[in-house]
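S.K.: Take the given structure of chain A and dock chain B to it, following the hints.
Number of protein chains: 2
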Amino acid sequence: MEIFYARESDGKTVFLDQEESAHCVKVLRHRRGDEITVVDGLGTMMRCRLADDSPKGASAEVVETFQDWGGHPYSLTMAVCPTKNNDRFEWFVEKATEVGVDMIVPMIGERSERRVFKPERSRKIALSAMKQSLKARLPFVAEPVSVKDFINESADGIKMICYCFEGETMRRSIEDVLAEAAEGANITIMIGPEGDFSPEEARLAVENGYIPVHLGPSRLRTETAAVTAATAVYLHYLK
Amino acid sequence: MEIFYARESDGKTVFLDQEESAHCVKVLRHRRGDEITVVDGLGTMMRCRLADDSPKGASAEVVETFQDWGGHPYSLTMAVCPTKNNDRFEWFVEKATEVGVDMIVPMIGERSERRVFKPERSRKIALSAMKQSLKARLPFVAEPVSVKDFINESADGIKMICYCFEGETMRRSIEDVLAEAAEGANITIMIGPEGDFSPEEARLAVENGYIPVHLGPSRLRTETAAVTAATAVYLHYLK
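First to last, the protein sequences are chains A and B.
Note that the first sequence covers residues 0 to 238 in numbering that gives the first Met the number 0.
Note that the second sequence covers residues 0 to 238 in numbering that gives the first Met the number 0.
Hints should not be assumed to be uniformly reliable.
Interface residues of chain A toward chain B, partial, derived using beta-carbon atoms under 7 Å [to be verified]:
1) 102
2) 132
3) 168
4) 169
5) 170
6) 172
7) 176
8) 180
9) 217
10) 218
11) 219
12) 237
The set of hints was computed from the structure by calculation and includes no laboratory data.
Built from N, CA and C at the ideal position, the CB exists for glycine as well.
Chain A with its partners taken away, still in its complex shape:
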């Protein structure tokens, strides 16, 4: 099943950008009158009929609309410090999108080795992972922010920080905290860089309502911890 992404839609007609138009018309050779499946990236899937098969700017008429297509019963923000190796972070973006995430915030921590992060590639990866996993909502990959700014600006809900508080702070397992997460919960999870959060960052998070959690006995890489945490949220709602 092939999914097309339309940034523009007025509810009656959807407009594919140049890249999607070329893929639809040149690569897949769709012609006027063909039925195609289009998502708006905001949660809506539309069965459409191709009206203009121009490879530079195709458009289609909406036949049928499905709301919250491929959605999930929670809202998850993953705030993760990008890894030294970009591929590892991009792999997290792909996997988290497949499983189900709403917002990805790249954070720069005091101990981050990677101090610069350009979200463009990750946004492309989230887009193709959304289409590949048959979802209509595109996870938003934010511009990078400092860990402290993220903590100070973060919204309410169930907030967790994965941090190896070396014994000094009591941590709960992520499963234990998620047991309290109801349908539609707003969940935020912070994952630190290879060098972990600084003690001040961790203290600030706890002062701002972040629950210190652990992901169990295994020592996981940054991107593995991030995917494991997102998967824990996803699996919680299967129960």
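M.R.: Just chain B now, kept in the frame of chain A:
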């Protein structure tokens, strides 16, 4: 923390192979008398004192021994059909090893596009992931087998097959099945290729005691499904 892997050990002395010896002596410049941490790949970690610092074949005296180091309270066999793209399967091997897996069986299914699989690279990846994630037990990456042979030869325990039985068979969620998994459970999970299992393979599995399970509403790639299933087992034991 640097971990060395010793294929040979008599309980008193451990012997590093050429690659590990070179890494220990040439790269990390360890010298006779230095304390090093060695694992045997069978679950035992040993604090050792370097006795022979030859870069071709170093050996060390065992000072202290720790059993089941970095172990997990279950035994998990992941039987997964290798993906068209080798990197994706190798990524699964790395992540499953970090989280905790005991045996990885590459299966060739009737609908597998990849009909040939060489385990050498995956074994190297499992070895470095074991060391990186501070575990002493090396997951065994088996030689490839056909799906039907694997089913016919598979052991007892909690056996699950992830298969999109299109409505015709009642499936339980993996979380529902894992709820019955006690400490030390023997768990086997089968994940099909991009083209999924054939109906005959699925039927044979069910006849042989495999419980049809789903991983929830998200449509996951083969390697994502495999990591999600392994993570579900790992997280079950955090409760």
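S.K.: None of the hints should be skipped; say for each whether it holds.
M.R.: Structure-based check of all given hints:
no.	hint	in the structure
1	102	17 Å, violated
2	132	5 Å, holds
3	168	18 Å, violated
4	169	16 Å, violated
5	170	12 Å, violated
6	172	4 Å, holds
7	176	11 Å, violated
8	180	14 Å, violated
9	217	6 Å, holds
10	218	5 Å, holds
11	219	5 Å, holds
12	237	4 Å, holds
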